[in-house]
Amino acid sequence: DNISADMEYIGLDTRQGDWKINNKLYSYAYFHNGYNGADPGMGRPNGTNYGTNNVPGQMMDMNYRSFGDILRADTKLGSGKLKVGAWIDHQTNDSAQWNVDYTLGGALDVPSGYNGSGYSRLMTDSLTTIQPYVQYAWKVTDKLTITPGLKYSSFKRNINAQVNNGSGAPYSGS
Numbered sequence: 614d615n616i617s618a619d620m621e622y623i624g625l626d627t628r629q630g631d632w633k634i635n636n637k638l639y640s641y642a643y644f645h646n647g648y649n650g651a652d653p654g655m656g657r658p659n660g661t662n663y664g665t666n667n668v669p670g671q672m673m674d675m676n677y678r679s680f681g682d683i684l685r686a687d688t689k690l691g692s693g694k695l696k697v698g699a700w701i702d703h704q705t706n707d708s709a710q711w712n713v714d715y716t717l718g719g720a721l722d723v724p725s726g727y728n729g730s731g732y733s734r735l736m737t738d739s740l741t742t743i744q745p746y747v748q749y750a751w752k753v754t755d756k757l758t759i760t761p762g763l764k765y766s767s768f769k770r771n772i773n774a775q776v777n778n779g780s781g782a783p784y785s786g787s
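Positions 614 to 787 (our numbering) are the ones given, in order, by the sequence shown.
Worth flagging that the hints you see were computed from the coordinates, not collected in a lab.
Built from N, CA and C at the ideal position, the CB exists for glycine as well.
Watch out, some of these pointers could steer you wrong.
[Unchecked claim] Pairs of lysine-lysine residues, derived as DSS-like cross-links and limited to a Cα-Cα distance of at most 27 Å, are as follows: (1) Lys-696 / Lys-764; (2) Lys-756 / Lys-696; (3) Lys-633 / Lys-752; (4) Lys-689 / Lys-769; (5) Lys-694 / Lys-637; (6) Lys-633 / Lys-689; (7) Lys-689 / Lys-637; (8) Lys-756 / Lys-694; (9) Lys-764 / Lys-689; (10) Lys-694 / Lys-752; (11) Lys-637 / Lys-769; (12) Lys-694 / Lys-633; (13) Lys-752 / Lys-689; (14) Lys-696 / Lys-752; (15) Lys-633 / Lys-696; (16) Lys-756 / Lys-637; (17) Lys-637 / Lys-696; (18) Lys-769 / Lys-633; (19) Lys-637 / Lys-764; (20) Lys-764 / Lys-752; (21) Lys-694 / Lys-769; (22) Lys-633 / Lys-756.
[What the hints assert, rightly or not] Between beta-carbon pairs, the in silico distance windows are: (23) Ile-759 / Thr-737: 42 to 48 Å; (24) Pro-745 / Ile-616: 31 to 37 Å; (25) Phe-644 / Pro-761: 40 to 46 Å; (26) His-703 / Ser-617: 39 to 45 Å; (27) Asn-635 / Phe-680: 47 to 53 Å; (28) Ile-743 / His-645: 50 to 56 Å; (29) Asn-778 / Thr-754: 54 to 60 Å; (30) Phe-768 / Gly-650: 36 to 42 Å.
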């Protein structure tokens, strides 16, 4: 298999008047290209549609990328500290796995009775998350701090599968 990953970010720490601001933009990814054998060995290959002695197998791809931003800001307010911020993230993923004939250099092999495509999965999906918040750390005494806050959380996942993993049927939804 061939697997690679990366991660990048850029951060900003600054002050604007009485506000302390921290912001990080980031991206990370995971790429996986796989090669599975399906030959039971011992001189008995189970063949493909192209030939009874050809070597069958599967190839797969899974490519994932996330982009996001984490923003935090705080300021002293009265007898406490006001904190605000947000996390926003968008992820994309495509995933495929298909039957091949390795004897023919990885030609697509569509076994009879399969879903007609040669693929056991062929899909793309995305996930978007948004979470802003506000909180106030009220220092009542030197030994007591009360911290009320509000946080909103939203996420939306979209799936578009010509061949859904598991069922082999098409699926589209969010």
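Each hint, compared with the structure:
no., hint, in the structure
1, Lys-696 / Lys-764, "holds, 12 Å"
2, Lys-756 / Lys-696, "holds, 20 Å"
3, Lys-633 / Lys-752, "holds, 19 Å"
4, Lys-689 / Lys-769, "violated, 35 Å"
5, Lys-694 / Lys-637, "holds, 21 Å"
6, Lys-633 / Lys-689, "holds, 9 Å"
7, Lys-689 / Lys-637, "holds, 22 Å"
8, Lys-756 / Lys-694, "holds, 15 Å"
9, Lys-764 / Lys-689, "holds, 20 Å"
10, Lys-694 / Lys-752, "holds, 8 Å"
11, Lys-637 / Lys-769, "holds, 22 Å"
12, Lys-694 / Lys-633, "holds, 11 Å"
13, Lys-752 / Lys-689, "holds, 11 Å"
14, Lys-696 / Lys-752, "holds, 14 Å"
15, Lys-633 / Lys-696, "holds, 10 Å"
16, Lys-756 / Lys-637, "violated, 33 Å"
17, Lys-637 / Lys-696, "holds, 16 Å"
18, Lys-769 / Lys-633, "violated, 31 Å"
19, Lys-637 / Lys-764, "holds, 19 Å"
20, Lys-764 / Lys-752, "holds, 21 Å"
21, Lys-694 / Lys-769, "violated, 32 Å"
22, Lys-633 / Lys-756, "holds, 24 Å"
23, Ile-759 / Thr-737: 42 to 48 Å, "holds, 46 Å"
24, Pro-745 / Ile-616: 31 to 37 Å, "holds, 35 Å"
25, Phe-644 / Pro-761: 40 to 46 Å, "holds, 43 Å"
26, His-703 / Ser-617: 39 to 45 Å, "violated, 21 Å"
27, Asn-635 / Phe-680: 47 to 53 Å, "violated, 18 Å"
28, Ile-743 / His-645: 50 to 56 Å, "violated, 28 Å"
29, Asn-778 / Thr-754: 54 to 60 Å, "holds, 56 Å"
30, Phe-768 / Gly-650: 36 to 42 Å, "holds, 38 Å"
In summary, the numbered hints that this structure violates are 4, 16, 18, 21, 26, 27 and 28.
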